[in-house]
Amino acid sequence: MSTPALSLKGLNKSFGPAKIINEVSLDIAPGERHAIIGPNGAGKSTLFNLISGLYTPTSGTVELNGEAISGMPAHEINKKGLSRSFQVSNIFTNMTVRENVRCGVLHSMGQGYAWWRNIGSNKAVQQKTWEVLEHCALTDKANVPAALLPYADQRALEIAITIAGGADVILLDEPTAGMSHSETERAVNLIRRASEGKTLVIVEHDMGVIFDLADRISVLVYGEIIASAPPSEIRGDPAVREAYLGDEELPEEVA
Amino acid sequence: MSDTTRGFADLAPSTGAKFRQRTLPILIFAAILFAIPMAGPSRTFYTLAHQMGINIVFALSYNMILGKGGLLSFGHAVYFGLGGYLAMHAMNWIEDGVGIWGAIPMFFLPLVGFAGGALAGAIIGWPSCRKAGTTFAMISLGVAELIFAAAFMFDSFFGGEQGISGDRMNGIELFGLSMGPIDEVYWFIAFWTVVGVIGMWAFTRTPLGKLSEATRDNAQRVQFIGYNPQRVRYLVFIFAGGFAGLAGGMAAVNYEIFTPDALSLVPSGFVLIMAYVGGITYFVGPIFGAILLTYMQSMLSDFTEAWLLYLGVLFIAIVMFAPRGIAGVVFGFLDGVRGENPGRYFGRWIMRLVGILLMLMGLIVLVEVSVRWSNGYGEVYEPFGLHLGHGNVLSWLLVILPAVAGVWLTRFASKEEEGQ
Chain G
1 MSTPALSLKG
11 LNKSFGPAKI
21 INEVSLDIAP
31 GERHAIIGPN
41 GAGKSTLFNL
51 ISGLYTPTSG
61 TVELNGEAIS
71 GMPAHEINKK
81 GLSRSFQVSN
91 IFTNMTVREN
101 VRCGVLHSMG
111 QGYAWWRNIG
121 SNKAVQQKTW
131 EVLEHCALTD
141 KANVPAALLP
151 YADQRALEIA
161 ITIAGGADVI
171 LLDEPTAGMS
181 HSETERAVNL
191 IRRASEGKTL
201 VIVEHDMGVI
211 FDLADRISVL
221 VYGEIIASAP
231 PSEIRGDPAV
241 REAYLGDEEL
251 PEEVA
Chain U
256 MSDTTRGFAD
266 LAPSTGAKFR
276 QRTLPILIFA
286 AILFAIPMAG
296 PSRTFYTLAH
306 QMGINIVFAL
316 SYNMILGKGG
326 LLSFGHAVYF
336 GLGGYLAMHA
346 MNWIEDGVGI
356 WGAIPMFFLP
366 LVGFAGGALA
376 GAIIGWPSCR
386 KAGTTFAMIS
396 LGVAELIFAA
406 AFMFDSFFGG
416 EQGISGDRMN
426 GIELFGLSMG
436 PIDEVYWFIA
446 FWTVVGVIGM
456 WAFTRTPLGK
466 LSEATRDNAQ
476 RVQFIGYNPQ
486 RVRYLVFIFA
496 GGFAGLAGGM
506 AAVNYEIFTP
516 DALSLVPSGF
526 VLIMAYVGGI
536 TYFVGPIFGA
546 ILLTYMQSML
556 SDFTEAWLLY
566 LGVLFIAIVM
576 FAPRGIAGVV
586 FGFLDGVRGE
596 NPGRYFGRWI
606 MRLVGILLML
616 MGLIVLVEVS
626 VRWSNGYGEV
636 YEPFGLHLGH
646 GNVLSWLLVI
656 LPAVAGVWLT
666 RFASKEEEGQ
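Keeping their order, the protein sequence lines are chains G and U.
According to the numbering used here, the stretch in the first sequence is residues 1 to 255, in order.
According to the numbering used here, the stretch in the second sequence is residues 256 to 675, in order.
Next comes chain G alone, as it looks inside the complex (with noise of 0.2 angstroms):
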């Protein structure tokens, strides 16, 4: 088997007495969409702050194709190629949707902290920023400053600096969360291609989307995997049935 794109051994997180992340191993390999579930306060965000470099883990690693990086700063996790996006919208309010995008693609276009060259005078950057806002279909608004954007167009621009980077690894907290049916949909197609050829990781409370998008989903419960598997077995799992999908409607199987 080859190296997975992201790996989680024996990840273990806790605030003081209180342990919110608990024995988390998980294997997931390039190219796979891979949905984490499970009920409010199971530690699904406390995770992607793990793997993200947000928090440093109690004990554990996690590996980035192969390569430890639990304990890096997270700005050094980004460029390793593993790129995340938040719960609440979290952008860069007073800049333009286009300067907000820009931000995104100078780390991956070699900018690095340049202070002797003009940004706009890069042709690369202007020419990838326009790529990314177009694949965002967020090209329109360009110019309108980021606070001004209504909410779907907002996680969208979320999304847009997320991918921004070129990262292989992407994760996604709750992308669709507060959506109306027909937004949901848009953002669904926007994640489909985003993720094209890339690992996704998603956190996801809408079960159509997660039925609809994963190739693999795992359930935290209390701090715990409780299953790994396609959504087929997802599905038909009891010990699932039981913690978390209870009673809740399960979308009916697309043939």
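Covered stretches of chain G (chain U as the covering partner; in silico rule of three or more C-beta atoms under 8 angstroms from a C-beta of chain U):
1) 75 to 86
2) 90 to 97
3) 106 to 117
4) 158 to 168
With a straight-line Cα cutoff of 27 angstroms, these simulated DSS-like cross-link-like pairs (lysine-lysine) come out:
5) K386/U with K79/G
6) K80/G with K9/G
7) K80/G with K123/G
8) K9/G with K79/G
9) K198/G with K79/G
10) K198/G with K80/G
11) K80/G with K386/U
12) K123/G with K141/G
13) K273/U with K141/G
14) K273/U with K123/G
15) K198/G with K123/G
16) K198/G with K9/G
No wet-lab data here; the hints were simulated from the structure.
Every residue gets a Cβ at the ideal spot worked out from N, C-alpha and C, and that includes glycine.
Assemble the complex: chain G is given as a structure, and chain U must be docked to it using the hints.
Frame of chain G, contents of chain U only:
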């Protein structure tokens, strides 16, 4: 929507717009500076203009961290002062011909100031830029106190209470400027003011300048686009220190003396007020603020001993009612008269202006009468031949009536706006 003929070029402002918004204002600014000496200004005017030039650069450098970087510093004069002190020493080295200094014209002293300010920023910024927000503000205050205290301990560098003085008429002459007469110093100040303005404007257009804005808006997210927000802050801080030092170098040549007062909390507070009153969300805001407050500082203090009180009221009024500063008011006005129904907008604007002037009139009478009353020299405030003593009913009527009328007018204008 995804029209393939459109490209990235469409998103950027057109060449014409760039010229109008970026190049033209700087050309106009430079043209004004160039035209001033032709009007044959007085010595007083030159003195004022030099102070304005220095403060423009200083206030802009402060806004690199406050407006563009989101870092509130209470000790920015430290970098102005340290840069200025280094330039002051360099002035003396040039006079004595120490080492290679004999070959360096006085004209370039602001660059020495820049180096001094940047070096101080690099040393002090290292621990203080690790955190933003309140922590950063408190550290800046502590550092300012520390450096000010140190200035009285290390006499050979700071010169104790007398400070360090020098003579700018030494070394090689550049551009035929002996740097002696005030109208020759003018060209020196004008040159470095323009260099400072262009330099700091250019900085906002670089990747680091943009990252600074991104870090201000959302430091956490900056980490997830591959940048270390601490390093962004630190680098920006060094540049802000450098430009503050540039202003210090200009001041060193202009005044030929630097005392520890230049590093104290007073100028640190003054630069904050200049930047804020001018408008920290705009690049040009601090320029407006520096011009107005420098004028107030040197001119208003001739008219009234209570000028600091007016400065305080101005600052509080701006913070409460016009948080985007003078620049916000000016650009808001330009947008308003260009928008729908300019006539009514202009009407409301005039109403507000009259209201504010009335309130100001009430305030002035109150302050001037009270100050004289409090002094107890029996002096009486006598504007336009009126005799406004504190026992005169007319005095108090002239406080209350304009103030009430002014408040009423401004509120009326606001209601009118809402009702529209």
